[in-house]
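Starting from the given sequences, assemble the full structure and let the hints guide the process.
So the sequence lines, in the order shown, correspond to chains A and B. Reading the first sequence from the start, the letters are residues 9 to 451 in the numbering used here. Reading the second sequence from the start, the letters are residues 976 to 1288 in the numbering used here.
It is possible that part of the hints are untrue.
[As the list claims (entries may be wrong)] As a list, the in silico DSSO-like pairs of lysine-lysine whose alpha-carbon atoms are at most 27 angstroms apart:
| id | chain 1 | residue 1 | chain 2 | residue 2 |
| --- | --- | --- | --- | --- |
| 1 | B | K1140 | A | K448 |
| 2 | A | K199 | B | K1140 |
| 3 | A | K171 | A | K77 |
| 4 | A | K440 | B | K1053 |
| 5 | A | K196 | B | K1140 |
| 6 | A | K251 | A | K321 |
| 7 | B | K1140 | A | K197 |
Hints listed in this document are in silico derivations from the structure and should not be mistaken for laboratory results.
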Amino acid sequence: MIRIDRRRLLKLSGAGAVAAGTGGLAGILASGRAPAYAQGTSVHWLRWSDFVPASDQLLRTKILPEGEKALGLKLNFEMVNANDIQARVTSAIQSGSGPDIILALNNWPQLYTESLADVSDVADEIGKSQGGFYDISKAVATVGGKWVGVPWATGGGLVTYRKSWFEEIGYSGGKFPDTWDALRDAGKKLKAKGRPLGQTLGHTFGDAPGFWYPYLWSWGGKEVEADGKTVALNSQAAIDSVKYAVPFWKEAFDEGGLAWDDSSNNRAFLSGSIGATNNGASIYLEAKKKPDSYLTDKGTPMWQDILHAPLPKGAGGQFNLPGSFTNMLMGYSKNQKPAKDFLRWVSSKPVFEQWFTSQQGYTDGATRYWEEDPVWGKDPVLLPFRDIPNKGRLMGYAGPPGRASAEAQTKYIIVDMYAKAVQGMPAEDAVKWAHGELVKIYS
Amino acid sequence: MTFTTIAAPGTYTGAPRRGPITRLLEDERWLALTLLLPTIMLLGLFIAYPFVEGVRLAVTDTKVGVPGKFVGLENFQKIWSDSIFHVAVWNTCVYTAVATVFKLALGLWLAVLLNRHFKGKAITRAFILLPFIIPTVLSTLAWKWMFDPTFSVINWTLFQLGLIKARINWLGDPNLALISVIIVNIWRGVPFYAITLLAGLQTISPELHEAAAIDGARAWQRFRHVTWPLLLPVTLVVTLFSVIQTFADFQLVYVLTGGGPANATQLFATYAYQIGIGTGLLSEGATISLAVFPVLLLVVIVQLLYIRNVETH
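Dropping the structure here:
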């Protein structure tokens, strides 16, 4: 049995305490000891159920047990459906108790800024050591220069499409239409063969704004001016985009998309009902995981016939809507110090890399460092996802992604502007309606 | 003294000493209050407190994590000019009215059928309750699949039967979407009506029917002049509960459409959730929820007055 005398005990606990108190992860690693937290100190981390289940499995079985050893903490890991996270955040904040850290999606941190702890020290450290955060990650996680969350990763969609079906209509070599006119023409041909484009125009959090916001921007439309107050939606560009969307929808899209949720297009694509859809890499990853289940009409594995491309460009440019993932340290948490240490540790290069690799390209990092990661060399089909953060805009453009932009999204104003037009409302009226709703929100 | 000679020494100890609580409870008013106290506490905790808290939120500008200040009726003015709220009000009224009429008619029909004697009566009654027993989210997910624009089993069946040539966009077409959610609500609510009305039917003495039959009343006349008047008080109570539940329905629409497409199925509860939770505007969410209250209060008052009127006559 190792004998520890009083002097050695003081020395060891002192090292741990100093590490926990001042040195952060570097200090912890330098001391070689877990910080001396009170026995039973635990950190509760709430996350969404990942679209790549292997990543959740990795966190649960490997990364977090390692974290418990390294940090001397009990780590409670909880996953819930993405749509249910906000209800949990609300009840936790209002009751002043709940998870210590919650992984927020999109611009949610901006909704809860008053209830979040200042994590500038952690974010600065991670940003500096990993080549700097993307502008979109920073915009979502900061308020007036203060970090209210530590950016974790960046998701986003690209058009997932069937290579052979596009080849049949003249897009050889895996090419994909790069303008809206070209896509409309291709969609028309595909729909005639029973392979339409598929996109949701319903009330669903990811895919609906993921397509229709970039579509609006590509025409030159925007919700507000850069001041974040002056509503600028009612423009000729927006009206043109709506006018174009109506025949485009009828000629090229699966019209059932008005009722789709975030998983409907995955199912439709994997069943061979649609030829292209804007989505994360989850369709491809699922097809690749089950090559015997998802087959082409020729009986070959479907994943070999899938490619990804950016949404087409318009007069206003070419964009996508990245989904930000941000770890929020809740202000009510009584475990601020251990929670910060955990965030430092789990976002550090050696730990995050394990998780990032397991994503296989489904997400980008929140910092530029991960653009060089070997994961991008493993599968060229996923490589286009690497560029998402650089071509991304956030909801509420050209203003900041604040509470008003979140409200506009929650009310599906932009999505419904197109949905109303598709259902028969004149384009001018649909834009006017949406503009009016935005004015109420931004006033 | 006579008094002392009647009682044998050592056997009479006088009236037992009563503590102050016992003395207090001998007063019927205090006893009643004491017996009611647990109920009052439960009602206060789970009904009065949330309601008062809802009212308090509605007159402030509270956001998640931000204690609000008093703003009077500002939130009510805001939702009054909110076009989506108008749509939600209309949808909720249509949803409740249509669903209630169908639930009542089908429930009554089912109850009359189940009130007859036939083989397998018990098991049939048990099966009838299934839609009501299965968790709503679970059964609604099954309906979502059945209405799925791509994989709808309903469309497939209609197509195979040669009744349709193009698929029906159940949840994508705004009118059909509202009809679809109403269909699911009816499916889920009919058992409640059927079983409750069946219980009401069983309290009606068969002799009354026999007497009416002897007098020459036909089946419809017996129903119209014997069954219906006696069943009316139960029917009104069931309808009252159903209207309240349907008016405040949430999970069914949330799972099926999320209020879409373009708010075609948006109801009070889904919109309140969207604003209160999705946007963090707790006060506005509470205001939308509270806007249901006067309507429901009116319905409850009218129905209770009617029930009292029916019972006294």
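Here is what the structure says about each hint:
| no. | hint | result |
| --- | --- | --- |
| 1 | B:K1140 <-> A:K448 | violated, 44 angstroms |
| 2 | A:K199 <-> B:K1140 | holds, 17 angstroms |
| 3 | A:K171 <-> A:K77 | violated, 47 angstroms |
| 4 | A:K440 <-> B:K1053 | holds, 19 angstroms |
| 5 | A:K196 <-> B:K1140 | holds, 21 angstroms |
| 6 | A:K251 <-> A:K321 | holds, 17 angstroms |
| 7 | B:K1140 <-> A:K197 | holds, 21 angstroms |
Going through the hint list in order, the structure does not satisfy hints 1 and 3.
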